[in-house]
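Please take these sequences and the hints and turn them into a complete structure.
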Amino acid sequence: MEKTGIQDHVADYIFNEKLVFVGEGGAKWGAGENTAYTISGKC
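Heads up, the sequence shown is in our numbering, so the first residue is 8 and it goes up one at a time.
No lab work stands behind these hints, which were simulated from the structure alone.
Derived DSBU-like pairs (lysine-lysine); straight-line CA-CA distance at most 35 angstroms:
#: 1; residue 1: Lys35; residue 2: Lys25
#: 2; residue 1: Lys49; residue 2: Lys35
#: 3; residue 1: Lys49; residue 2: Lys25
Written as structure tokens, this is what we have:
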């Protein structure tokens, strides 16, 4: 399976709240895996 690798970086935290991450068209998940999840705190 091909890895996506690092696309860019941010020098500091830009969020400090509860967020939902959602995979887009290029997201790499297998069948039956979650394509969205929540995170919270600094990121």
